[in-house]
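Number of protein chains: 2
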Amino acid sequence: MTTDPISPEALDKLADVAVKVGLNLQEGQDLVITAPVEALPLVRRITAAAYRAGAGVVTPILSDAGITLARFENAQDASFDKAADWLYAGMAEAFKGNAARLAIVGEDPMLLAEQDPEKVSRAGKANSIAYKPALEKIANFDINWTIVSYPTVAWASRVFPDLPEAEAVEKLANALFSSSRVLDADPVTNWTDHNANLRKRTAWLNEQRFDALHFSGPGTDLTVGLAEDHEWHGGASTATNGITCNPNIPTEEVFTTPHSARVDGVVRSTKPLSHQGSLIDDIEVRFEAGKIVEAKASKGEAVLQKLLDSDEGARRLGEVALVPHSSPISQSGVLFYNTLYDENAACHIALGQCYSKCFLNGGDLSSEEIAARGGNSSMIHVDWMIGSAEMDIDGILHDGTRVPVFRKGEWA
Amino acid sequence: MTTDPISPEALDKLADVAVKVGLNLQEGQDLVITAPVEALPLVRRITAAAYRAGAGVVTPILSDAGITLARFENAQDASFDKAADWLYAGMAEAFKGNAARLAIVGEDPMLLAEQDPEKVSRAGKANSIAYKPALEKIANFDINWTIVSYPTVAWASRVFPDLPEAEAVEKLANALFSSSRVLDADPVTNWTDHNANLRKRTAWLNEQRFDALHFSGPGTDLTVGLAEDHEWHGGASTATNGITCNPNIPTEEVFTTPHSARVDGVVRSTKPLSHQGSLIDDIEVRFEAGKIVEAKASKGEAVLQKLLDSDEGARRLGEVALVPHSSPISQSGVLFYNTLYDENAACHIALGQCYSKCFLNGGDLSSEEIAARGGNSSMIHVDWMIGSAEMDIDGILHDGTRVPVFRKGEWA
Ligand SMILES: [Zn+2]
Ligand SMILES: [Zn+2]
Ligand SMILES: [Zn+2]
Ligand SMILES: [Zn+2]
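Protein chains in written order, with full-length UniProt numbering: chain A, 1 to 412; chain B, 1 to 412.
Simulated from the structure, these hints should not be mistaken for laboratory data.
Certain hints may be false.
The list cannot tell twin chains apart, which means a pair is met if one copy fits it or any two copies do.
Claimed, not checked - Simulated pairs of lysine to any residue, SDA-like, Cα-Cα distance not exceeding 20 Å: (1) LYS82 to ALA53; (2) LYS291 to LEU308; (3) LYS299 to LEU335; (4) LYS119 to GLU27; (5) LYS119 to VAL153; (6) LYS132 to ALA89; (7) LYS125 to ASP311; (8) LYS125 to ILE243; (9) LYS132 to GLU93.
Because the structure is a prediction, the values reported are computed rather than measured.
Please take these sequences and the hints and turn them into a complete structure.
Printed below as a string of structure tokens:
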């Protein structure tokens, strides 16, 4: 007899939460899923749950590590500046037609670590350009969308390199299921409570109308000006199409839009960043007037530099997010090498594109109006972790008054 | 120790033949692959071979039986009139941009046999409508394309229901590899010879310029008028983009376009037709002036009737093809429940869309000009087998002279 390291019952519940809480999929709505092939047991369950909820057509687009590697190992140089434009343009069309979007993540975070960083970066850039029209619809929150995860063998083996495969998968699966709050008898009600707690935090922050946040901790002395008319969000949120969804499962963060020209000081990352199959560790950067003017990393510095050179907006911030150090994901002590988890374990900032929903009446603003308020624009959006148990954060009001927000990594 | 029932070396050779002979993929050319998830070992090899040949971007779109069934088992009624329009429209865009097309088949031929035929037919029709712009580029031979197959467990278990799984897969794999002519030391040269033999047949048929073919055999007494300016094709063929490819691996047929208004008489199928997951057996139809006016089947008659009602052109012929009974696929004695194989085991006719390449200068003809010459138009193209060891075929010249073409299933 063998036991399945991934509980089928927990997968059923995760599928249910993904469709009902994550997407809040509406009757007749189409759904586009992206997922690694290994996540098929979850893809099938989500597809079934989506159809039970009345989905129009569910279209999963499956990726495979072996196919990705086949390119890096065999393609001629010119290939790396190309992307599947037709596929990404098609997704943008689907979203224009009000299709919802679900991403299942779980790829090997170090899949491309052995490949030429130059080619990895060029291929990533070509993909970003092709994907931009679709990504904008997600970033602008035109449609309901969500991201969930699946404990693949490749990912689990990176997170728990010393455990046998099945044990690593089982351990990662349990960490994912518990932090995604699907192990209770009634996960959907659990999520309602969790969303109410996050809403209390965003309500308080939105009342304060801080001009800036000041972060201090080891290696960090950073003032992040907030965009004019910025709005804090967290947990459930309502897309422009009127549907309230939870864009991340799990989620612990509250977040808003920094001012792209008013960020100054130095900041050091507190967790490694897994980016396009490479690891970037010990990032240290200096901001002047919103722009990164110096950057180094103990590992993956070449990948970091290429990332910063993606476009004009890649050296400026598009998001600032607060997560207490006592967050369950942080307390698990696991480094997931996956933004969905690691960003919910610590305060973080994101390089690149801002979320228009993080403005008052953001759905009605043109890109020019967003830029005028300090919202950043870029083809990238890359979160990296700066929080720790030693992080203090002050809110700075327009009159210069400082209000404690975090002390030693916790809400003050 | 376990041995792989599917030889990795044979898969390597099949991938090589698919890219070099099937597609003749050109440097810088993009490639769109569709395949069942189970065919990943072949998809990865074809992707690698394509990139080695200089491919731009290879985009595999993977399908999964479990996902397909999740829809039929859970979706609400309205879903079955919808399709992933954005995906099919995207494929048409890719082909417009000169991407090549490779399909890997191997799905369970009876996947949908237990589902409501009404829903199967509606979903199939919605897909056909969405797929039409892309299919037209394939049917019009605008681009180089090919179809190959992969011996999935589900398919092998249908073909050899009495064998243990691994044995069934091994037996099907060997049948596929040998009929695809990839087991020799030099499969590419082998294909050059095979193509030369087929070209001799098409050259003779094209010299004859028959007005019609007359088929006679048990239950069959059918006159198939040939379209004006029809041209016979078989084996390697040159697409409008100038690239010579082999659209089917394997292929044994020579084929041309019938006249959509000049088919008369009765015809009986000689092999079951596997269509959209259902089996249609013992088809008997009567044509009058090109149109099927009576149709029955001992099994799957409802599916057949729905197929004939797909659109105006579904009751008329778009292809007639000649395959000797001694073809290696026929001699294998295996019923594959798969058009790619079964149509290369016997003479066949196809309901629906004609191939514009099967006209003199077909690439330059408008759809109006094709229709004026007798070419049929439809959203479907479904081949079914009418050949046997008892089939006689006469060519009828414009002056009424009869020329023996087949006697007892073989070239006369
Ligand atoms: Zn965030
Ligand atoms: Zn972010
Ligand atoms: Zn044919
Ligand atoms: Zn055909």
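How the hints compare with the structure:
no. : hint             : result
1   : LYS82 to ALA53   : between (37 Å within a copy, 16 Å between copies)
2   : LYS291 to LEU308 : within (10 Å within a copy, 65 Å between copies)
3   : LYS299 to LEU335 : within (16 Å within a copy, 58 Å between copies)
4   : LYS119 to GLU27  : between (43 Å within a copy, 18 Å between copies)
5   : LYS119 to VAL153 : neither (26 Å within a copy, 37 Å between copies)
6   : LYS132 to ALA89  : both (9 Å within a copy, 19 Å between copies)
7   : LYS125 to ASP311 : within (9 Å within a copy, 45 Å between copies)
8   : LYS125 to ILE243 : neither (31 Å within a copy, 31 Å between copies)
9   : LYS132 to GLU93  : both (12 Å within a copy, 18 Å between copies)
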